[in-house]
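Listed below, chain by chain, are the residues.
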Amino acid sequence: MNHKGAGGLLIVLLLAVQLLSQAAAAERSAAANYILRCAGCHGTEGRGVASAGIPTFPGYVDEFFNDEEGRLYLMHVPGVVGAGLRNDEISEVMNYVVDRWGKPNVEVEHFTTEEVGRLRQQPVKDVVLLRYSITDRLAKEGVELPEYTWP
Amino acid sequence: MSSMMNRLFNLIDKASEKSTRQAAQHYGRRSFLARAGTVFAGAMLVPVLPFDRSLGGAAFAATTEDENDCSYWKHCALDGNLCSTSGGSLTSCPAGTEASKVSWIGTCRNPDDEKDYLVSYNDCCGRATVPSSTFCFTSEGERPGYRMGLHNDINWCMANTNKGYHCTVSVVLGVANT
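Protein sequence lines correspond, in order, to chains D and C.
Residue numbering for the first sequence is 0 to 150, as defined by numbering that gives the first Met the number 0.
Residue numbering for the second sequence is 0 to 177, as defined by numbering that gives the first Met the number 0.
Don't read these hints as lab results, they were simulated from the structure.
Note that beta-carbon positions come from the ideal geometry of N, C-alpha and C, so glycine has one too.
It cannot be assumed that every hint is accurate.
[What the hints assert, rightly or not] Coverage of chain D stretches by chain C, computed from C-beta distances (three or more under 8 angstroms per stretch; other residues unrestricted): (1) 29-38; (2) 48-59; (3) 73-80.
[Said to hold, decoys possible] Chain D is nowhere near these chain C residues, computed Cβ spacing over 12 angstroms in every case: (4) E66; (5) D68; (6) S70; (7) G86; (8) G95; (9) N109; (10) R126; (11) T128; (12) T133; (13) F134; (14) F136; (15) G163.
Make a model of the complete structure from these sequences and hints.
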C-alpha cells in the first residue's frame, strides 16, 4: 500500500467510526424514550399529576387506543407533539405505554409508523376540546375516565 | 462495540506508522514541511463534520468527582442551584422543601463506565433559594423555548402546591440503552 492509499483508508475508517458511534447513540428503546420524553410529567409509573392537568395512565389509557378519535387525540397530546421523536419512535413509545398500563384483559390495536404519520398530518384545532368531546361521549357509554382539569 | 473500535484504531495506527515510515524514507524535511503546510491550510477551509450533541448524542465526559461542581457528570443537563450546596444532598431535598412532581430528564455519560444514564432533575420547592449555593447551567440536550417539550428553563415546582423554587437534585433513573 502506498502512503496515498493509506491516507484514503484513514479517512474512510474515521468516517465509519463516527457514523457507527452516532448510530449507536441515536437509538433508544421505547422504555428509555418514555423516561426521557414522557416521564418528566407522567412519571416513571405513569401516574401523572391530576391536579396539574396531567392525566394518569394505569387502567384508563387503553380507552383512547380503542377509539378512533382517541387515537387522533393521542397523536396531538402536547407532550407527543413536542417530544422531538420520529414517527417510528412515537409508535413504539405509545405501544409501550398501552402494553404497560392498559387494562390487562383488554385487547388494543397497536400504532404503526404509517398511522402515526397519517394522524399527525390531520389538523386538530383545539386538543383540549377534542379530549372533552371524546370523554363526554365515552362517559355516556359508561366508560370511566381519569380526572382532567383543563378549562 | 469497544473491541471493534480497538481493532479499527489498531488498524489506523499500523497504517499511519507504515505510511509515515515510507514518507520519511522518500522525502526530506523541507519537502514534508511544505506539503504539511498545504494540508493544514486546506483543512481550515473544509467544514467540520457535524457532531450530534442532542439527547441522542454522547454526553461530554466530565472528569470531576466533586458532586458540588457543575462539571460532575450527573449534572450534565441541569439548570438550577445544587441542593447539595443548599442544605440537602445530591439526591435529597433540604428540610422544609418537597420534591417537584414533574421534572426535566436528561442523558448523561458516566465517565467511569462510559454508559449513558437517564437523570431526573427534580426541583425542590417551598423555600427561597440559598444565596451562597452553587448555580449550574449545563442543560445539555436542551433546545430553545419554541421547542417546549425540549426546553428546561422552567420552574418544575409548577405542579406542586407551593411553587417557590429552592434547588435541584440529580437522580439517576437507569441506563439509557435499556
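Problem - Hint check against the structure, violated hint numbers in rising order - result: Violated: none.
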